[in-house]
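Student: Please model the complete structure; the sequences and the hints are all you need to start from.
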Amino acid sequence: MSLISIISKDFDIPDDLSENQLRDAMVAAFAYLIDNDFPKLIQILYKADVDQYKLKELLETKVGQSSAEIIADTYIARQMAKIETWKKYS
Numbered sequence: 000m001s002l003i004s005i006i007s008k009d010f011d012i013p014d015d016l017s018e019n020q021l022r023d024a025m026v027a028a029f030a031y032l033i034d035n036d037f038p039k040l041i042q043i044l045y046k047a048d049v050d051q052y053k054l055k056e057l058l059e060t061k062v063g064q065s066s067a068e069i070i071a072d073t074y075i076a077r078q079m080a081k082i083e084t085w086k087k088y089s
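For the sequence shown, the residue numbers in numbering that gives the first Met the number 0 are 0 to 89.
Hints are supplied without guarantee of correctness; some may be wrong.
Said to hold, decoys possible - With a straight-line cut-off of 30 Å between C-alpha atoms, the simulated DSSO-like cross-links for lysine-lysine are:
#: 1; residue 1: Lys61; residue 2: Lys81
#: 2; residue 1: Lys8; residue 2: Lys61
#: 3; residue 1: Lys87; residue 2: Lys55
In case anyone wonders, no lab produced these hints; they're calculated from the structure.
In this text, all values refer to a predicted model and were calculated from it rather than measured experimentally.
Tutor: This is how it looks when you write it as structure tokens:
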């Protein structure tokens, strides 16, 4: 299973994005959710099993990045960790 196939379950994204394009798309999507649909943002992060305590700490301590960038990076990292776990045990 690919990163884009996992993320496309929550977001409507093309399946031919580069890593940088995927990150940019995620930053834009999370920026939109922060401003317009916070409950959906929480639902997506919960479903992805993003560590809320780690994310809260990053949001409080990271300087020079928007909240959307921090959330996108954390979300992508979590999805990549899932893929590694699936590869390890399949």
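Student: Broken hints, numbered, in rising order?
Tutor: none
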